[in-house]
Amino acid sequence: MSDTTCSGPRYYLDVWRAHLKVGMALMLQYRFAVLIWGVWGFVGPLISLAVWTAATQARGGAVANAANGVAFDRADFAAYFLTFMIFSHITMSWDAFEFAYRVRSGSLSPHLLKPVHPIHADAANNISFKVVTSGMLLPVWILLFLLLKPTLPTSAVSLCLAVPALLLAAVMRYVWQYCLAVIAFWTTRVEAVNQLYFTLDAFLSGRIAPLALMPGLLGAAAYFSPFRAMGAFPVELALGRVPPGEILPGFLLQLVWLAVAFLALRVMWAAGVKQYSAVGA
Amino acid sequence: MNYLKLLSVFYRTSVQTDMEYRADFFVRVVASLLGLCTTVGSLAIAYQYTPQIKGWSFAQALVLLAVYYLMDGLIEMFIAPNMREIMSQVRQGTLDFVLLKPVNSQFMATFRTLNVWRAANLLVGTGVAVYAIRKLAVEVGPASAGTFALTLVCGLAVIYSFWLVLVTLSFWFVRVDNIEQIVWQAFEAGRYPVEIYPHWLRLTLTYGIPIVFIITVPAQALSGRLDPSFVGVAAAVAAGAVAASAAFWRYGLRFYTGASA
Numbered sequence: 001m002s003d004t005t006c007s008g009p010r011y012y013l014d015v016w017r018a019h020l021k022v023g024m025a026l027m028l029q030y031r032f033a034v035l036i037w038g039v040w041g042f043v044g045p046l047i048s049l050a051v052w053t054a055a056t057q058a059r060g061g062a063v064a065n066a067a068n069g070v071a072f073d074r075a076d077f078a079a080y081f082l083t084f085m086i087f088s089h090i091t092m093s094w095d096a097f098e099f100a101y102r103v104r105s106g107s108l109s110p111h112l113l114k115p116v117h118p119i120h121a122d123a124a125n126n127i128s129f130k131v132v133t134s135g136m137l138l139p140v141w142i143l144l145f146l147l148l149k150p151t152l153p154t155s156a157v158s159l160c161l162a163v164p165a166l167l168l169a170a171v172m173r174y175v176w177q178y179c180l181a182v183i184a185f186w187t188t189r190v191e192a193v194n195q196l197y198f199t200l201d202a203f204l205s206g207r208i209a210p211l212a213l214m215p216g217l218l219g220a221a222a223y224f225s226p227f228r229a230m231g232a233f234p235v236e237l238a239l240g241r242v243p244p245g246e247i248l249p250g251f252l253l254q255l256v257w258l259a260v261a262f263l264a265l266r267v268m269w270a271a272g273v274k275q276y277s278a279v280g281a
Numbered sequence: 282m283n284y285l286k287l288l289s290v291f292y293r294t295s296v297q298t299d300m301e302y303r304a305d306f307f308v309r310v311v312a313s314l315l316g317l318c319t320t321v322g323s324l325a326i327a328y329q330y331t332p333q334i335k336g337w338s339f340a341q342a343l344v345l346l347a348v349y350y351l352m353d354g355l356i357e358m359f360i361a362p363n364m365r366e367i368m369s370q371v372r373q374g375t376l377d378f379v380l381l382k383p384v385n386s387q388f389m390a391t392f393r394t395l396n397v398w399r400a401a402n403l404l405v406g407t408g409v410a411v412y413a414i415r416k417l418a419v420e421v422g423p424a425s426a427g428t429f430a431l432t433l434v435c436g437l438a439v440i441y442s443f444w445l446v447l448v449t450l451s452f453w454f455v456r457v458d459n460i461e462q463i464v465w466q467a468f469e470a471g472r473y474p475v476e477i478y479p480h481w482l483r484l485t486l487t488y489g490i491p492i493v494f495i496i497t498v499p500a501q502a503l504s505g506r507l508d509p510s511f512v513g514v515a516a517a518v519a520a521g522a523v524a525a526s527a528a529f530w531r532y533g534l535r536f537y538t539g540a541s542a
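Those protein sequences? They're chains A and B, same order as listed.
The numbering used here applies: residue 1 is where the first sequence begins, and numbers increase by one.
The numbering used here applies: residue 282 is where the second sequence begins, and numbers increase by one.
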């Protein structure tokens, strides 16, 4: 354990192993509260599903966008929103609030004194949360699939491709959310910025409606946005709704936006740490 | 001791404290407006494909949404800060200081403070209500304004009682804030007409966690769709809820031992 050089892959492997162990213990300690937070993720997608199911009933079975000929019936919506719900859980990140609190209270200072960037501990914590809660929520997910009888994915290739897309989306969301968190170095509060992020995300990621059903301009804006890359893209891929010619561009967009986020985080972190004066101290 | 005078002192000191954090208000307004954009947007997109969903037109759904915002604003302003404070006082054992005061303990505990900046949602809710009513093209006369105000107060009384029972349970169970989260999740569902939900959920939202009573009924009153005779029922339910929860609070106090003792 007394490795004095604080670099290299071996060192980081040890750091991560330790952080994951602590993170898992923490999550299991507060398992009930953690589960409640996990259940929060059900509310949005299931409400959206209820709204769209009612809309399909009013339209006699299916909703179709005349502009692009894409149609969704009840089972399609069920598949879309259930998959979205599970993928959102796997990609979710909440660091902005936590980080802003640390900046305000000054409790960030000890984290900065450690020889590793605090993002490692935070990311390990994030992964621990997902491992613990996914285990707890899995039966509920299966039950929902059985109850709501969604259209099942048709293409095995597409389903397999959704796995790397989902992982990329998770990393993307994490880094983007950390960028927002770092804004707290200047503002100490991130509620307003974060709310703006969630609002944009609601429209452009496909959270409130499948992007193919969005009115023209909004749908086009969503296509190129980072929000689709970390939201609807893996979902559509899993359900086989991405045309073969669009798959590669989709992955490329993910990579481009991920690179942008990493770059932004590096620049913002360097400037922010200089700015930080430990409020509580 | 004059309770009204006491209440005005409580609220005055709370407002004075909140004035120290004026920027909070703008943050709240921005957050509230952005949240509104999301909900209205999701409704507007769905309504692009159909003129009515389960018998609700877009304008009627907006009236419901407006009432949701008004209720949320009122709850977060007057009820929530006090109830959350009681829960933390029970955990820390500092509720003793509240109980020792020579006034009614329930009054002292549940009307001690208000959060004035949460009025942001009241503003947003009023704005949406005005817009939706004009779109709906219904006359809001003194009669429907009166029933609306009355049902709104009844709804507040019901949620107050519901939360008071929850807080009283913390005398036995100490940690009940997780249950509070579940109640909020149900409240979230009240943004939309309950008719869109499956039968079992509709029943839960009507009788279990009475979201229908708190949001749908005042919304129907505002758009002139409420049977006037129901106002009497609403008042009776609210009065019953207040009386029952107050009795439960008094009973629960006998079991409060003070966490530190």
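Be a bit skeptical, because a hint or two may be false.
Not the full set, but computed from the structure, chain A residues with beta-carbon under 7 Å of chain B [to be verified]:
#1 T199
#2 I208
#3 A212
Think of the hints as simulated: they come from the structure by calculation, not from any bench.
Note that beta-carbon positions come from the ideal geometry of N, C-alpha and C, so glycine has one too.
query = Hint numbers the structure violates, sorted upward?
reply = Hint 3 contradicted; others consistent.
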